[in-house]
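Visitor: For the protein sequence lines, the chains are A and B, in the order given. Counting in the numbering used here, the first sequence tops out at residue 495, every number present. Counting in the numbering used here, the second sequence tops out at residue 352, every number present.
Hints in this document: simulated from the structure, not taken from any laboratory. Note that the structure is predicted; figures quoted are calculated from it, not measured. All residues carry an ideal CB built from backbone N, CA and C; glycine is no exception. Please note: incorrect hints may appear among the correct ones.
[To be verified] Capping the alpha-carbon separation at 20 Å, the derived lysine to any residue pairs in SDA-like fashion look like this: (1) K349/B with E357/A; (2) K290/B with L435/A; (3) K297/B with S389/A; (4) K238/A with L382/A; (5) K290/B with D77/A; (6) K411/A with P317/A.
[Claimed, not checked] Which bits of chain B does chain A cover? Going by a derived footprint, with three or more residues having C-beta under 8 Å, they are: (7) 281-292; (8) 322-336.
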Amino acid sequence: MHGATYAEARCALENGETSCEALVSSFLDRIEKKNPELNAFLRVDAEASLDRARTLDEERAHGNYRELTGMVVGVKDVICRKDHLLTCGSRMLSEFKSLYTATAIERLEQAGAIMIGATNCDEFAMGSSNELSHFGPVANPHDPSRVPGGSSGGSAAAVASGLCHTALGTDTGGSIRQPAAFCGVVGLKPTYGRVSRYGLVAYASSFDCIGPFANGIKDAFRVLRVISGADPRDATSANAEPPKDSDPDGSSLSGLRVGLPQEFLDEGLDENIRGAVTQTANTLQSMGAEVIDVSLPMTEYGIAAYYVLVTAEASSNLARYDGVRYGFRAEAASLREMYEASRSGGFGAEVKRRIMLGTYVLSAGYYESYYERAQRVRRLIWNDFDQAFSKVDVLLTPTTPTTAFKLGEKMDDPLQMYLSDVYTVTANLAGIPAISIPTRTDKAGLPVGIQLLAPAFEEGRLLRVGGAIENATSD
Amino acid sequence: MAISIEEVTRVAELARLRFSEEELRRMAGELEKILEYVRKLEEIDTSDVVPMTHVHDDFGTLREDRVEPRISRDEALSNAPDTDGKFFRVPKVIE
């Protein structure tokens with residue numbers, strides 16, 4: 021399975037072999053054919069996308085190209101577009117319409133990209149399998165009996181099956197990288213603060229990141245360059261120079277130090293995935309890089325610290341859904357009963373579980389022993405990475421402990437579901453950038469992803485090393 | 258240290274969520290299982306570690322504190338389940 025790249029479409033546009041309208045039409049056809057089985061798109065803006073494509077074609081007729089002219093993008097349904105529905109995969113917001121547009125979308129549109137529709141996701145981006153959407157699960161394009169990963173499963177499946185060039189997802193604890201690995205596409209989680217969160221529905225505000233899915237590293241970085249940068253409407257956004265388009269083709273990796281964290285290669289790891297990491301390390305070595313074993317001893321505490329902190333932040337962020345100003349309302353005799361009935365009826369089981377856990381760890385008597393302790397461990401995890409990056413330039417790890425699991429397999433055991441994020445959450449705890457890159461498929465034909473991590477604001481290293489891996493894999 | 262049904266009920270009240278008896282029992286079991294896992298954090302000596310609230314040392318995109326037009330009253334009310342045209346309407350608060 022190989023989806024379409026924007027890089028190829030761009031050449032075809034510039035050579036006059038296609039038009040933006042033709043690109044959109046062909047994606048709409050594919051969506052019509054494939055989406056009933058996949059359920060990757062929740063809504064498709066056919067007419068508006070075609071109109072927009074025609075406008076861009078008029079610009080092209082005058083020789084005017086923008087950075088992303090004609091790139092067709094799917095948008096995870098947690099990112100606002102003015103006057104469009106925004107459901108967050110939840111009954112709570114099933115009729116909600118955005119009042120404004122997210123900065124990331126605004127920047128994509130200014131650059132000439134076309135938003136073709138909204139992609140499915142776990143409710144409020146909470147989940148690792150995309151089975152927790154109010155609007156039904158998403159199927160893995162490689163095997164419809166398996167999950168696409170989550171929470172950005174719709175975006176990953178859409179890009180993997182060629183329903184759009186790229187898609188936006190969000191990554192709070194692996195929600196871009198894990199589905200990218202399960203679906204065999206590139207998934208990039210930028211440095212925390214690299215991309216404005218304005219217009220992203222808040223889940224855990226000190227973790228949430230918007231990032232791209234793409235069929236290839238170059239497409240992913242094209243999107244990143246456009247959506248990144250400081251934004252007065254998000255005080256945590258950073259004014260850092262985005263990575264330039266380095267051309268990694270054939271370049272030597274001499275002098276580059278790649279760290280292999282031993283804690284990510286323990287006995288829980290699928291042998292095929294271990295093989296992909298080893299093979300990738302060998303490839304990088306053959307290109308001149310030095311591969312060094314490193315240790316991140318706090319890794320085993322990542323999931324525990326993560327679930328305390330994100331559920332605490334979620335319980336606070338989701339307090340706004342009270343049936344008063346927007347969202348689902350259940351009728352009741354008193355205000356208090358209306359709050360409870362609306363929240364209980366509007367939220368699904370996992371969202372309620374996380375709100376409960378978060379409320380518990382923040383409640384009197386437990387704050388110090390759970391929440392504050394987890395904040396301290398967060399710093400220790402940050403320190404682990406800081407020390408590792410004093411010895412190496414990038415880290416190479418598996419993205420996930422297993423390939424895509426069966427639908428329903430982990431639905432009765434929340435903790436087992438949480439543990440599928442074991443290799444991805446630490447990057448969010450430390451706020452550093454990371455990327456999942458498809459390498460091989462296992463015997464069952466399921467994609468295997470590897471992960472690269474870099475220090476904060478050093479996405480350029482992911483582009484350089486990831487590009488080298490991509491070239492070696494496609495040979 | 259198992260979580261009691263009373264404790265789960267208290268947390269549900271704080272979170273403005275309502276559960277049936279059976280849901281409360283299941284929630285108590287699930288929370289206990291997750292918290293038991295989370296308590297592995299107690300293995301680490303964190304007494305000298307400063308809690309981390311933000312991942313970057315310096316951050317902050319500041320702007321002038323200036324009122325800017327954002328959304329109109331009509332827009333603000335447009336998603337509301339119930340309004341009187343000017344205000345959000347809710348069930349009676351005072352008995």
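Visitor: Taking the hints in turn, state whether each one holds.
Guide: Right, here's what the structure says about each hint:
1. K349/B with E357/A: The given pair, whose Cα atoms are some 11 Å apart, holds under the 20 Å limit.
2. K290/B with L435/A: holds, 8 Å
3. K297/B with S389/A: holds, 11 Å
4. K238/A with L382/A: violated, 42 Å
5. K290/B with D77/A: violated, 57 Å
6. K411/A with P317/A: holds, 15 Å
7. 281-292: Contact hint for the stretch 281-292 of chain B vs chain A: holds, 6 residues under 8 Å.
8. 322-336: holds (count 6)
The structure fails to meet hints 4, 5 from the earlier list, while all remaining hints are met.
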